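Keeping their order, the protein sequence lines are chains V and C. Going by the numbering used here, the first residue of the first sequence is number 2, and it counts up by one from there. Going by the numbering used here, the first residue of the second sequence is number 13, and it counts up by one from there.
Quick caveat, the hints were computed from the structure, so don't treat them as lab data. Computed from a predicted model, the values in this text were never measured in an experiment. Worth double-checking, as some hints may not be accurate.
[Unchecked claim] Beta-carbon label-pair distances, calculated as ranges:
1) V/265 x C/296: 24 to 34 Å
2) C/51 x V/279: 23 to 33 Å
3) V/214 x C/176: 43 to 53 Å
4) V/338 x C/85: 20 to 30 Å
5) C/324 x V/123: 37 to 47 Å
6) V/338 x C/288: 49 to 59 Å
7) C/288 x V/102: 29 to 39 Å
8) V/153 x C/139: 50 to 60 Å
9) V/8 x C/134: 24 to 34 Å
10) C/135 x V/123: 29 to 39 Å
11) V/215 x C/324: 45 to 55 Å
12) V/312 x C/251: 54 to 64 Å
13) V/263 x C/59: 39 to 49 Å
14) V/214 x C/288: 53 to 63 Å
Ideal placement from N, C-alpha and C gives every residue a C-beta, glycine not left out.
Spelled out from the first residue to the last, the chains are:
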Amino acid sequence: MIRKLKTFTVQRLEVLNEHGKEDRRLMPKLSQKQIKELYKWMYITRVFDAKALKLQRTGRLGTYASMLGQEAAIIGSAYALRKQDWLFPSFRISGAMLLRGIDMAKLYSYWGGDERGSKPEKGVNVFPLCITVGEQPLHATGYAWGLKMQKKNAVVLTDFGDGATSEGDFHEALNFAGVFKAPVIFLCQNNQYAISIPVKKQTASETLAQKAIAYGIKGIQVDGNDIFAMLKATQDAIRDAGKGKPTLIEAYTYRMSDHTTSDDAKKYRSEKEVKSWMKKDPMLRLRRYMERKNIWNAKEEEKLQKEVEAMVDKAVKQYESMTPAPKEDIFKYIYAGGAQ
Amino acid sequence: MVVLNMVEAINLALKQEMKRDKTVLILGEDVGVDGGVFRVTDGLLKLYPKRVFDTPLAESGIVGTSLGLAASGWKPVAEMQFEGFILPAFDQIVNHVARIRNRSRGAFTAPLVIRCPIGGGIKALEHHSDSPEAYFAHTPGLKVIMPSTPYDAKGLLIAAIRDPDPVIFFEPKRIYRAIKQEVPEKEYTIPIGKARIVQEGTELTIISYGAMVRECEQAIEKIKDHVSVELIDLRTLRPLDKEAILTSVKKTGRVIIVHEAQKTLGLAAEISAIINEEALLSLKAPIERITGLDIIVPLPKLEDYYVIDEKRIIAAIEKVVNF
Ligand SMILES: Cc1ncc(C[n+]2csc(CCOP(=O)(O)OP(=O)(O)O)c2C)c(N)n1
Numbered sequence: 002m003i004r005k006l007k008t009f010t011v012q013r014l015e016v017l018n019e020h021g022k023e024d025r026r027l028m029p030k031l032s033q034k035q036i037k038e039l040y041k042w043m044y045i046t047r048v049f050d051a052k053a054l055k056l057q058r059t060g061r062l063g064t065y066a067s068m069l070g071q072e073a074a075i076i077g078s079a080y081a082l083r084k085q086d087w088l089f090p091s092f093r094i095s096g097a098m099l100l101r102g103i104d105m106a107k108l109y110s111y112w113g114g115d116e117r118g119s120k121p122e123k124g125v126n127v128f129p130l131c132i133t134v135g136e137q138p139l140h141a142t143g144y145a146w147g148l149k150m151q152k153k154n155a156v157v158l159t160d161f162g163d164g165a166t167s168e169g170d171f172h173e174a175l176n177f178a179g180v181f182k183a184p185v186i187f188l189c190q191n192n193q194y195a196i197s198i199p200v201k202k203q204t205a206s207e208t209l210a211q212k213a214i215a216y217g218i219k220g221i222q223v224d225g226n227d228i229f230a231m232l233k234a235t236q237d238a239i240r241d242a243g244k245g246k247p248t249l250i251e252a253y254t255y256r257m258s259d260h261t262t263s264d265d266a267k268k269y270r271s272e273k274e275v276k277s278w279m280k281k282d283p284m285l286r287l288r289r290y291m292e293r294k295n296i297w298n299a300k301e302e303e304k305l306q307k308e309v310e311a312m313v314d315k316a317v318k319q320y321e322s323m324t325p326a327p328k329e330d331i332f333k334y335i336y337a338g339g340a341q
Numbered sequence: 013m014v015v016l017n018m019v020e021a022i023n024l025a026l027k028q029e030m031k032r033d034k035t036v037l038i039l040g041e042d043v044g045v046d047g048g049v050f051r052v053t054d055g056l057l058k059l060y061p062k063r064v065f066d067t068p069l070a071e072s073g074i075v076g077t078s079l080g081l082a083a084s085g086w087k088p089v090a091e092m093q094f095e096g097f098i099l100p101a102f103d104q105i106v107n108h109v110a111r112i113r114n115r116s117r118g119a120f121t122a123p124l125v126i127r128c129p130i131g132g133g134i135k136a137l138e139h140h141s142d143s144p145e146a147y148f149a150h151t152p153g154l155k156v157i158m159p160s161t162p163y164d165a166k167g168l169l170i171a172a173i174r175d176p177d178p179v180i181f182f183e184p185k186r187i188y189r190a191i192k193q194e195v196p197e198k199e200y201t202i203p204i205g206k207a208r209i210v211q212e213g214t215e216l217t218i219i220s221y222g223a224m225v226r227e228c229e230q231a232i233e234k235i236k237d238h239v240s241v242e243l244i245d246l247r248t249l250r251p252l253d254k255e256a257i258l259t260s261v262k263k264t265g266r267v268i269i270v271h272e273a274q275k276t277l278g279l280a281a282e283i284s285a286i287i288n289e290e291a292l293l294s295l296k297a298p299i300e301r302i303t304g305l306d307i308i309v310p311l312p313k314l315e316d317y318y319v320i321d322e323k324r325i326i327a328a329i330e331k332v333v334n335f
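Okay, chain V solo, but in the shape it has when bound (with noise of 0.2 Å):
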């Protein structure tokens, strides 16, 4: 005898459209201010990211990995978590490390190659970003854990890429949530491609989200260039970790730029795809939102822009004119007395 035992469903979440055109039901309740802060947000990202890519090129900072075309997935999920929750990052996630308090200039100095810029300041939840790919999501599911044990009313998300979904110890976090109810949030930033590998060739399940299945725990993919649909995502998921339910959420995104400065992703995809997914772009996505309900023009562009540029400046200062950390650095944290 065969009988059905069970079926699954995999849904994805949309609300604002390429049009800039809302889904009302769907969509999270928010101030006109915080609107324009989830632009603002987005577009310090995007300039922080162009910065990187300059100074990364005439010799001033180092590998460095780019989040443009990503910044909804970024911010719509930072942006949803409350001060006392936490970020364990990926290297693909400055823009949120920035949104949850983390120094400008500091985090230029850690893609400079100075440690100082992996520690956080006191009160900003945010752990150091890991660059073994799909390793955090084990640490976060453990801070969580840990954070329910203390009866801490807290969440924690953890980002990574689509490539990460391979790693067994991305598999082993989602299970270990699964079963210790731990109020931990794993964001997939599914960016389409691990360096040059596409995600049709990463695995040979539809969607990413429908790994979370397996391990009995919810999973759900969004439209990841809606920043609303993500801020809608990760508040539903803050909500159910609370309740001892995680959730993968898979962010459907692109990534428009080369892997990192290491890589030119003209090798394996084509110009067409690029260009055809720019129209997808994110940030143009909500300035349509905005100007059709005629809460932006573009003087408020051009304001903001000049606003974000110079902080961004200052930041780039103020890294550059930093002094240079002492050579006995090198030793101090080896240990909790140093190096032995």
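Got chain V sorted already, so can you dock chain C with the ligand onto it with the hints?
Just chain C with the ligand now, kept in the frame of chain V:
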């Protein structure tokens, strides 16, 4: 003869072995369409579309399936993208690849090659500047190679592919493109387990390998008028060429061992112990170790304090010679 850098020499070795032996496979992250992040496997997918595989991003998966492929009659040459990312595969390498021959009393073997860039000095992100060779050289069942020239890289890689046992082939990325050398176009092998006498001398033996060989050569060049140095490039870290080491030590009576990896339990400790056991009475001075510091390799801004330079080697030479 062709003039090649190490990347090109390795690429040529792979090409020729794939042509010669239809069971040779290439697998790893970005090794196909992209040709590898260092372009070491560039062009191979075009030549052998059925034997070059872009794999999912999973090092343990790459090595674990390579064991299975090898056991079933293929010859996998797997790439780990950087030394920091060979560690997710450490369990598969140490618990299975190194042991399957012994476990099955010779019924199964895993004659595969794991290629992996290694070492610092390229101003990179965390996990891209480490020297973890000792973890592997410590493991019975593995052979560990680290060439220092394009010529050696080609000959040793071909030998590794033809070897009946698993080989970890570390490629010092700092000198990937820094040295160009005449390399024979045709295939040749260099025996695994044999060191190279880079230059002969009578007063002092310097033993090194990988990117540090070049630093040693530069240091020796500076003091060549007043100290006669014999320089040994180990080339293979397991098995060690004891004979080459001991013959030289017995001749010179003075030893400096140079490696980029951290000092504690690094290769220098083992080499020094071998000399103490088998040539102690030939020594005219204590053995000197020039190694990386016993710390986590710093990020680029402070990395220079970790990296070994000519000056440190020259100072050690003075110290040992004037003991
Ligand atoms: C364990 C590990 N293996 C390999 C690498 C080298 N590497 C860095 S980023 C990357 C691709 C990551 O792809 P994905 O997870 O999709 O994230 P994305 O870079 O697209 O944000 C690889 C292979 C690494 N950092 N860590």
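> Range hint 24 to 34 Å: satisfied by the CB atoms of residue 265 of chain V and residue 296 of chain C?
Replying inline: violated (54 Å)
> Taking 29 to 39 Å as the hint, is the beta-carbon distance of residue 135 of chain C and residue 123 of chain V inside that range?
Replying inline: holds (30 Å)
>> Quick check: does the Cβ-Cβ distance between residue 153 of chain V and residue 139 of chain C fall within 50 to 60 Å?
In response: Violated, since residue 153 of chain V and residue 139 of chain C (Cβ atoms, about 31 Å apart) do not stay within the stated range.
>> Holds or violated: the 39 to 49 Å window for the beta-carbon distance between residue 263 of chain V and residue 59 of chain C?
In response: violated (25 Å)
> Has the hinted range 29 to 39 Å been met by the Cβ atoms of residue 288 of chain C and residue 102 of chain V?
Replying inline: violated (55 Å)
> Is it true that residue 215 of chain V and residue 324 of chain C lie within 45 to 55 Å of each other by Cβ?
Replying inline: Since residue 215 of chain V and residue 324 of chain C have Cβ atoms about 53 Å apart, the given range 45 to 55 Å holds.
> Is the gap between the beta carbons of residue 51 of chain C and residue 279 of chain V within 23 to 33 Å?
Replying inline: Holds, since residue 51 of chain C and residue 279 of chain V (Cβ atoms, about 28 Å apart) stay within the stated range.
> How does the Cβ-Cβ distance of residue 214 of chain V and residue 176 of chain C compare with 43 to 53 Å: does it lie in that range?
Replying inline: holds (44 Å)
>> Range first: 37 to 47 Å. Now tell me if the beta carbons of residue 324 of chain C and residue 123 of chain V are that far apart.
In response: holds (39 Å)
>> 24 to 34 Å was suggested as the range; check whether the CB atoms of residue 8 of chain V and residue 134 of chain C agree with it.
In response: violated (52 Å)
> Does the Cβ pair residue 338 of chain V, residue 288 of chain C satisfy 49 to 59 Å?
Replying inline: violated (31 Å)
>> Given a hint of 20 to 30 Å, does the C-beta separation of residue 338 of chain V and residue 85 of chain C actually sit inside it?
In response: violated (54 Å)
Against the hints set out earlier in the document, violations occur for numbers 1, 4, 6, 7, 8, 9 and 13.
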